[in-house]
Amino acid sequence: MFDLEGVVRSRCSTRRFLPTPIPRDLLEEALALAQLAPSNSNIQPWRLFLTEGERTEQLRQALMAEVHAQPRELAPLPPSFRAHRRELGAIVYGAMGVARDDDAGRVAASRRNYEFFGAPMVGILCMHRELGLVDAVGVGMYLQTLVLGLTARGIGTCVQAALTTYPEVIRRELSIPEELVILCGLSLGYADPDFPANQLKIPKHPVETNVSILGPD
Numbered sequence: 001m002f003d004l005e006g007v008v009r010s011r012c013s014t015r016r017f018l019p020t021p022i023p024r025d026l027l028e029e030a031l032a033l034a035q036l037a038p039s040n041s042n043i044q045p046w047r048l049f050l051t052e053g054e055r056t057e058q059l060r061q062a063l064m065a066e067v068h069a070q071p072r073e074l075a076p077l078p079p080s081f082r083a084h085r086r087e088l089g090a091i092v093y094g095a096m097g098v099a100r101d102d103d104a105g106r107v108a109a110s111r112r113n114y115e116f117f118g119a120p121m122v123g124i125l126c127m128h129r130e131l132g133l134v135d136a137v138g139v140g141m142y143l144q145t146l147v148l149g150l151t152a153r154g155i156g157t158c159v160q161a162a163l164t165t166y167p168e169v170i171r172r173e174l175s176i177p178e179e180l181v182i183l184c185g186l187s188l189g190y191a192d193p194d195f196p197a198n199q200l201k202i203p204k205h206p207v208e209t210n211v212s213i214l215g216p217d
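Per our numbering, the very first residue in the sequence shown carries number 1; after that it's consecutive.
Just to be clear, a hint being listed does not mean it is correct.
[Unchecked claim] Restricting the straight-line Cα-Cα distance to at most 20 Å, the calculated cross-link-like pairs of lysine to any residue (SDA-like) are: (1) 204 - 86; (2) 201 - 80; (3) 204 - 80; (4) 201 - 144; (5) 204 - 94; (6) 201 - 13; (7) 201 - 103.
No wet-lab data here; the hints were simulated from the structure.
Since the structure is predicted, the reported quantities are computational estimates derived from the model, not experimental observations.
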């Protein structure tokens, strides 16, 4: 177990997992910790569906079949934010050895999202569709707490917005009720230490880019 700062600094997105199953006791510890996350009026708006074993493989196969049958682009970002996706892609694909002009390689690398990067377990995070942005903040705090709890126990994660590209497949395969909106996916398992992209530390903005401290002149 790390101190909090050590856990935060060591967390990174895992993009290739080992097939090793996650010990149930470690998973349950992290889930119990995440359940302590704050939320508006303590409604605890998160709903998490986890698959393992054959269910993970069934979901993987269903998604890949749809990806090949109906290729879709990731949800577009507003123009002023698109440079961030391009910059991240250059870093991640570069670590994977995929050149900028290798269109086939970039498509193949992108499609690994729907294979959960080989993770033995995948989570689908939802909340009730009648709830609003303030409740989505609570779900985000739950997700961050869960991710850090898993990181502290040596378990890698990758939060995946890409999985929302095929919500109907996920809803069908996991019998997710219509009243729940699918927010993101979470692949989890032990990171492959030999995969270069698992060692990336993505650069972040200086604090002052995102934070304004207001006070007397």
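For each hint, the structure was consulted:
| no. | hint | result |
| --- | --- | --- |
| 1 | 204 - 86 | holds (15 Å) |
| 2 | 201 - 80 | violated (24 Å) |
| 3 | 204 - 80 | holds (17 Å) |
| 4 | 201 - 144 | holds (17 Å) |
| 5 | 204 - 94 | holds (18 Å) |
| 6 | 201 - 13 | holds (9 Å) |
| 7 | 201 - 103 | violated (25 Å) |
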